[in-house]
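*Asks:* Based on the sequences and whatever the hints tell you, model everything.
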Amino acid sequence: MTTSKEAILARIRAANGGPAAQPERVNGGSAGQPERAEAGTDAAYAALPRDYLRAHHEPATADIAGLFAERAADYRAVVERVPEPGLAEAIARILGERAAAGPGPFVVPEGLPPGWLAALPPAIELADDTPPLSAAELDRMAGVVTGCAVAIAETGTIILDHGPGQGRRALTLVPDFHLVIVRASQVMADLADAFARLDPARPHTLISGPSATSDIELIRVEGVHGPRNLHVLLATRH
Amino acid sequence: MPTYLGMPPFPVAARAAVADSQLRANLAHATHTIRAKRAGAVAELADWEQLRQAAKAIKDHTLAHLDTYLLRLEANVTRAGGHVHWAADADEANAIVAGLVRAAGADGVVKVKSMATQETGLNEALAADGISALETDLAELIVQLGHDRPSHILVPAIHKNRAEIREIFRTQMPDAPAGLTDDPAALAAAARAHLRQAFLSADVGVSGANFAIAETGSLVVVESEGNGRMCVTLPRTLISVVGIEKILPSWRDLEVFLALLPRSSTAERMNPYTSTWTGITPGDGPQDFHLVLLDNGRTSALADQTGRQALRCIRCSACLNVCPVYERTGGHAYGSPYPGPIGAIISPLLRGVTSPVDASLPYASTLCGACYEVCPVAINIPEALVHLRAKVVDAKREKTFSPERTIFQLSGRVLRSPRLLASAQRAAARGSKLVARSGRIRRLPPPLNGWTETRDAPAPPPESFRAWWARTRGPRS
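Residue numbers (my numbering), protein chains in the order written: chain A, 1 to 238; chain B, 1 to 477.
Simulated from the structure, these hints should not be mistaken for lab results. Incorrect hints may have been included.
Beta-carbon label-pair distances, calculated as ranges [as the list claims (entries may be wrong)]:
(1) A/G163 - B/A25: 35 to 43 Å
(2) A/P59 - B/R196: 39 to 47 Å
(3) A/V78 - B/A198: 24 to 32 Å
(4) B/E44 - A/G163: 30 to 38 Å
(5) B/S355 - A/D74: 44 to 52 Å
(6) A/E84 - B/A46: 30 to 38 Å
(7) B/L421 - A/I219: 56 to 64 Å
(8) A/D74 - B/E164: 50 to 58 Å
(9) B/R196 - A/E80: 24 to 32 Å
(10) B/E453 - A/H57: 52 to 60 Å
Some chain A residues well away from chain B (every beta-carbon gap over 12 Å; in silico) [stated by the list, open to error]:
(11) A92
(12) I94
(13) A101
(14) R183
Built from N, CA and C at the ideal position, the CB exists for glycine as well.
*Replies:* Here it is in structure tokens:
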């Protein structure tokens with residue numbers, strides 16, 4: 001009996017004008033012919049036209065970090081530029097304001113630079129994720145503080161790869177408030193440079209503003225299931 | 001793909017839709033809003049056309065090497081700890097999903113909006129198996145609560161305005177807050193509260209994917225609300241049902257497609273959330289991941305040399321928003337989960353042109369070409385429509401008597417013979433005196449009355465040019 005896999009592959013090969021009953025080739029195989037076919041596919045791919053711009057704003061002539069701040073703010077994220085030495089004070093101020101708005105601890109992922117939390121007043125309660133918090137526990141957190149992997153100026157996007165200082169994906173999803181620190185050096189001009197810096201094997205979350213929907217009359221409304229409050233601190237060298 | 005039960009062909013369904021003035025007002029409002037915004041978002045990128053051509057080339061290349069890339073995807077998903085299943089049709093896909101849900105010990109799933117599972121009728125199939133499927137996208141939730149059908153690829157409840165949505169929530173959502181207003185922000189907040197507990201306690205999530213990366217085995221889901229993140233992150237088991245044409249060769253290709261998709265669909269520089277994952281990640285997200293690769297007619301579309309370009313579609317819905325026909329009829333008239341211009345070609349390509357609905361869809365267009373102009377992967381929808389019209393005609397050939405076909409066969413014979421043409425012209429000139437008034441024919445006798453039902457025909461002139469020339473040899477200079 002042919003499996004659905006064999007049937008689908010045979011139909012694809014027939015549709016593409018090739019022999020319908022080619023032997024299956026997985027992981028390179030041992031025969032020389034499939035390897036040649038794979039090499040042919042890769043060569044054809046490499047020759048595809050890519051006449052688009054690698055970036056729409058040139059880092060040499062444009063204020064890329066400034067562009068990021070402007071465009072992230074376009075999506076109703078709160079964006080502040082802070083010189084690196086003032087970062088701990090800014091974080092303390094923002095968490096203090098947020099704590100006044102609602103109860104619960106702030107969850108802090110492993111690997112967050114310790115200096116960032118150095119100025120917190122004792123009243124601010126923190127929680128770590130070891131052992132992992134349940135979804136219900138995360139739902140009771142006042143917020144989460146993280147860094148990021150890279151950001152994109154053109155689109156005002158923050159990318160988490162959920163590495164050190166960012167936490168697993170649920171940490172930045174369930175709490176209603178997300179404070180994210182972006183270093184100016186992490187801001188790439190456009191998509192191409194940003195994606196080149198990521199490791200596809202890791203999970204990623206691209207964030208452009210707080211959660212939103214356009215599902216009612218195609219009008220954008222902020223605040224659905226993801227964090228409804230996104231606060232971005234853009235740390236500049238001076 | 002199941003045709004919606006009892007769905008009449010497009011002209012019949014459209015007639016009812018066009019008569020609904022509330023529907024027309026809702027659609028005109030929504031499509032005009034997004035049309036202007038999209039134009040602005042696209043104009044911002046000077047190299048839009050180059051991005052579009054690159055996307056077209058990448059997709060065409062992928063389709064030409066689809067077997068290689070699917071096997072590569074399977075190998076890389078498996079290597080990253082995921083399981084890959086192949087489904088030839090909707091029934092097989094639904095049975096695979098139902099089996100996986102049972103194996104996970106669950107009797108319910110939370111779902112991210114997915115065209116593929118709309119297409120397979122997954123929710124209905126799961127319900128028949130005693131498994132509940134909760135739609136978590138706001139518009140899908142509106143449709144599900146309203147016992148309605150989706151009418152738009154991106155915004156399935158586009159045919160409902162805020163007041164109607166409030167009414168659905170008030171009557172169908174047990175935990176809707178008292179005094180709920182029709183402010184979109186209040187409606188979104190009600191949906192958040194309603195779905196929260198379901199997200200936090202779900203065992204199984206079901207998603208589609210916008211892209212599947214062969215080189216790495218990564219899946220990509222593009223969304224706005226965060227319901228997608230909830231469904232692909234919190235449950236223990238994740239099942240993604242993905243059409244075989246959603247594949248991209250490499251990670252790098254996202255730099256093209258993530259520039260095109262958000263601007264084309266919601267007119268944003270970037271959608272609020274995009275999730276990518278590769279198999280399973282220990283300690284983060286679902287620890288049991290299944291990818292169901294769906295054919296369900298896609299290989300038939302691939303075999304159609306003109307129609308296969310429809311498989312480039314990234315489901316942005318820009319073509320719906322600019323279509324003068326869609327704007328007036330709405331999505332339900334198209335009789336499938338894929339409405340609008342792209343639906344008018346995708347449905348007949350996936351399902352064939354034998355049913356009355358599918359045979360009518362290629363005609364659900366003025367061929368104005370606005371859809372082609374906005375398509376981010378440059379699908380020449382008018383070309384495909386004309387091609388499919390020919391297929392519809394071919395499928396009917398020799399089956400039944402048709403006055404239209406008889407007339408065209410006859411005209412073919414007449415136009416090939418100068419002698420027959422001349423006598424036909426003489427006959428027409430004489431005949432026109434009987435039916436024409438002031439140079440127009442307003443009503444022809446049966447079986448030709450179909451032609452004049454909705455338009456006038458010009459009366460044939462009293463004498464043809466050839467007859468006049470033969471008589472006078474032209475004016476002498």
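*Asks:* Does the beta carbon distance between A/D74 and B/E164 stay inside 50 to 58 Å, or does it fall outside?
*Replies:* violated (30 Å)
*Asks:* Measuring from beta carbon to beta carbon, are A/G163 and B/A25 in 35 to 43 Å?
*Replies:* Violated: the Cβ-Cβ distance is about 50 Å, outside 35 to 43 Å.
*Asks:* In this structure, is the beta-carbon distance linking A/E84 and B/A46 contained in 30 to 38 Å?
*Replies:* holds (34 Å)
*Asks:* State, for the Cβ atoms of B/S355 and A/D74, whether the hinted interval 44 to 52 Å holds or is violated.
*Replies:* holds (46 Å)
*Asks:* Minimum Cβ separation between A/A92 and chain B greater than 12 Å?
*Replies:* A/A92 is indeed farther than 12 Å from all Cβ atoms of chain B, at 28 Å.
*Asks:* Given a hinted range of 39 to 47 Å, is it respected by the beta-carbon distance of A/P59 and B/R196?
*Replies:* At 42 Å between Cβs, range holds.
*Asks:* State, for the Cβ atoms of B/R196 and A/E80, whether the hinted interval 24 to 32 Å holds or is violated.
*Replies:* holds (30 Å)
*Asks:* Taking 52 to 60 Å as the stated bounds, is the beta-carbon spacing between B/E453 and A/H57 within them?
*Replies:* Holds, since B/E453 and A/H57 (Cβ atoms, about 57 Å apart) stay within the stated range.
*Asks:* Could you check that no beta carbon of chain B comes within 12 Å of the beta carbon of A/I94?
*Replies:* Holds, because the least Cβ-Cβ distance between A/I94 and chain B comes to about 21 Å, which exceeds 12 Å.
*Asks:* Lying within 24 to 32 Å: is that true of the beta-carbon distance A/V78 to B/A198?
*Replies:* holds (29 Å)
*Asks:* Please check whether B/E44 and A/G163 have a Cβ separation lying inside 30 to 38 Å.
*Replies:* holds (32 Å)
*Asks:* Does A/A101 clear chain B by more than 12 Å, comparing its Cβ with all Cβ atoms of that chain?
*Replies:* holds (16 Å)
Violated hints, listed in ascending order, are 1 and 8; each of the other numbered hints is respected by the structure.
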